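Number of protein chains: 2
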Amino acid sequence: MNPKGLSEKEVLSLLNSARLKDTSYDKVLSAMCTRPHPIAVKAHMQFIESNLGDFGLFSGTKELEEKVIRLMGSLLGCPETYGYITTGGTESNIQALRTARNIAGKKHPNVVIPASAHFSFDKTADLLGIELRKAEMDREFKVDLNSVESLIDNNTVALVGIAGSTEFGQIDPIDELAEITESHELFLHVDAAFGAFVIPFLGKKYDFDFSVDGVASITADPHKMGMSTIPAGGLLFREETCLSPLEVNTPYLTIRAQHSLAGTRSGAAAAAAYAVMMYLGREGYTKIVNRCMGLTERLVEGVRESGVQPLIDPVMNIVALEVPELDRVRKELREKGWFTSITRAPRAMRLIIMPHMSEEAIDEFVSDLGKCIKTI
Amino acid sequence: MNPKGLSEKEVLSLLNSARLKDTSYDKVLSAMCTRPHPIAVKAHMQFIESNLGDFGLFSGTKELEEKVIRLMGSLLGCPETYGYITTGGTESNIQALRTARNIAGKKHPNVVIPASAHFSFDKTADLLGIELRKAEMDREFKVDLNSVESLIDNNTVALVGIAGSTEFGQIDPIDELAEITESHELFLHVDAAFGAFVIPFLGKKYDFDFSVDGVASITADPHKMGMSTIPAGGLLFREETCLSPLEVNTPYLTIRAQHSLAGTRSGAAAAAAYAVMMYLGREGYTKIVNRCMGLTERLVEGVRESGVQPLIDPVMNIVALEVPELDRVRKELREKGWFTSITRAPRAMRLIIMPHMSEEAIDEFVSDLGKCIKTI
Chain A
1 MNPKGLSEKE VLSLLNSARL KDTSYDKVLS AMCTRPHPIA VKAHMQFIES NLGDFGLFSG
61 TKELEEKVIR LMGSLLGCPE TYGYITTGGT ESNIQALRTA RNIAGKKHPN VVIPASAHFS
121 FDKTADLLGI ELRKAEMDRE FKVDLNSVES LIDNNTVALV GIAGSTEFGQ IDPIDELAEI
181 TESHELFLHV DAAFGAFVIP FLGKKYDFDF SVDGVASITA DPHKMGMSTI PAGGLLFREE
241 TCLSPLEVNT PYLTIRAQHS LAGTRSGAAA AAAYAVMMYL GREGYTKIVN RCMGLTERLV
301 EGVRESGVQP LIDPVMNIVA LEVPELDRVR KELREKGWFT SITRAPRAMR LIIMPHMSEE
361 AIDEFVSDLG KCIKTI
Chain B
1 MNPKGLSEKE VLSLLNSARL KDTSYDKVLS AMCTRPHPIA VKAHMQFIES NLGDFGLFSG
61 TKELEEKVIR LMGSLLGCPE TYGYITTGGT ESNIQALRTA RNIAGKKHPN VVIPASAHFS
121 FDKTADLLGI ELRKAEMDRE FKVDLNSVES LIDNNTVALV GIAGSTEFGQ IDPIDELAEI
181 TESHELFLHV DAAFGAFVIP FLGKKYDFDF SVDGVASITA DPHKMGMSTI PAGGLLFREE
241 TCLSPLEVNT PYLTIRAQHS LAGTRSGAAA AAAYAVMMYL GREGYTKIVN RCMGLTERLV
301 EGVRESGVQP LIDPVMNIVA LEVPELDRVR KELREKGWFT SITRAPRAMR LIIMPHMSEE
361 AIDEFVSDLG KCIKTI
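As you go down the protein sequences, you meet chains A and B in turn. Numbering follows the working numbering, with no gaps: position 214 of the first sequence is 214. Numbering follows the working numbering, with no gaps: position 227 of the second sequence is 227.
Next up, chain A with everything else stripped away, as it sits in the complex (with noise of 0.2 Å):
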């Protein structure tokens, strides 16, 4: 550290210098986050200093942050609710599984994804020191029942089915897993980390939440598709019960046990998410939903065109493409400005078309991709 310090000019135009590197959003396809909304930032500022980790100091924000879990709990099939914003959907992910492996008390505890599952479950595993068995995916890219029911053994803790997957944009048939779950009784966790901010608001309808009977817990991220700030991931549970096994006591503060993993925790971005969640109501995320869904349908429809099929007829948005020369193709886009992802089983090109996307980017993109393609 410099022993003196700089002036305030100094430090803004290193900060400056540093943020002219950052990506701007125009042209990544490769994220699941994007420009959070206007109104969630206001609200951000507001709350800065705000610290939810001891609420007792800040009951205002903790009100919020209730009003928030009632909020997704009433998108999500269930306004009664209890659950906390996390700092995100891996935090999410990891205290649903910790619930339901201290619930079950096994040994030697395991836990049936889909092999669809996002990475942050085998920060889960590691952590936790649960073994993950990989569910094999049908033709649609759905978890496989019978996969899922063959790996189920007296050690099994829980399943977790996918409502909007990383790589696809797939919805697992939770329904299904829930009569599975109810039959061996076991612990049903849905990670819609993406999928809890888009599913609601698309044309179809979907069993993916607390709704089904036997959906015990959901992840759900307000800083995807709900256009709040980083970090706001949601973790609910439909019984209050469930919060107890994450619990520990906490002396020294205003409180006198927290559930959350973080200690200090922002209150901002609770804050922010409030905001934006009142400000846009089922109407505000309905149109952001569409407007994604038609610029989805405008990408695919000009691809064909060069002769690229989807995988799969999009879900939601989230469309992973047959490319041939993948690689190449990818690299060659990257120097043309776009950030693209690949899928992992089979490989395909992966694309998430975020509310930061505009019709313009879409039709380059549909023109760029036509033209690496011609290449080959």
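Because the hints were derived from the structure by calculation, they are not lab data. Predicted model, so just to flag it, every value in this text is computed and none were measured. No residue lacks a Cβ here, since even glycine has one placed at the ideal position from N, Cα and C. Take these hints with a grain of salt, some might be off.
List time: in silico DSSO-like cross-link candidates among lysine-lysine, alpha-carbon distance up to 27 Å [said to hold, decoys possible]:
no., chain 1, residue 1, chain 2, residue 2
1, B, K107, A, K134
2, B, K4, A, K204
3, A, K67, B, K107
Part of the chain A face toward chain B, derived, beta carbon under 10 Å [claimed, not checked]:
no., residue
4, E10
5, N249
6, P346
7, V366
8, G370
9, I373
Fit chain B to the given chain A structure using the hints.
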């Protein structure tokens, strides 16, 4: 969720009402957080959309994070350290012990921590399946080395020392703990979540950091005495190899692996930490710590006139006072607006004199405490 959204004005009005219910820090003597420095808030705003979970998109922010880690390393005895900006002290402590556990590879791992350790270690133990063994304190509330030695066995994977204990602001004899870890070939983690931005700026010098051979990792929180915004913890390792046990592969991102606990994570908080450290430099932090220590001495001298003694002479800006009829006095102080807290063993009134405190507030508190005691 409401069918229709509210207007911006309506949302801001709801936010204002909530914010008014939050406590102003003016009379808070129970918190390890404080108002963030204005330059940190500015930086936070500028980088509000930055996501270090996918830092290939945010290479400018990533550079700032790397610089922050070097700044903290240089402050803590080793400029070439390896780590990242965590969500806070809890994540740092979890990840340090996860590394130690995974390196050791024991079936039934245990970790010896001081009885004064923060409750985040209880979370860590439950998450990681580690047995915690709590070593006794000596009369000065430092960890008792004989007690530590007596708790070590073949399944011990790490020792923890505290530099700035949450309740007493005491510093464990890190150099002597290091001798024990070296003779037993154990991992030594130092929790300096609070102390890292205090101890280097005190008049008296302490060996508590990487200058002590054998210290493998340090927790150091910019969002406590570092004056930065939430969520900014710091995890530093002496050896780069210590990051490997934390890594997971990250398909479909712009990067190949992640060692953070969170996936999506705040670039804003890393930029804020960089900004405030560059703005203040050692000189700026020394002024802040000098001022807090001056206020701490003023408080201790003042309460001594009412016959109240501290359990130990304050090492840093944390004081534990032997107050008669503690619960009644605390309650009466609360009615006068003061937030104080209570240590576990022995029970005493715990006060943290943070940068938001003023001379006037300290004098008022001393006077109020005197009055509450005289009414006995």
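Results for each hint:
| no. | hint | in the structure |
| --- | --- | --- |
| 1 | K107/B x K134/A | holds (24 Å) |
| 2 | K4/B x K204/A | holds (20 Å) |
| 3 | K67/A x K107/B | violated (43 Å) |
| 4 | E10 | holds (8 Å) |
| 5 | N249 | holds (6 Å) |
| 6 | P346 | violated (13 Å) |
| 7 | V366 | violated (21 Å) |
| 8 | G370 | violated (23 Å) |
| 9 | I373 | violated (21 Å) |
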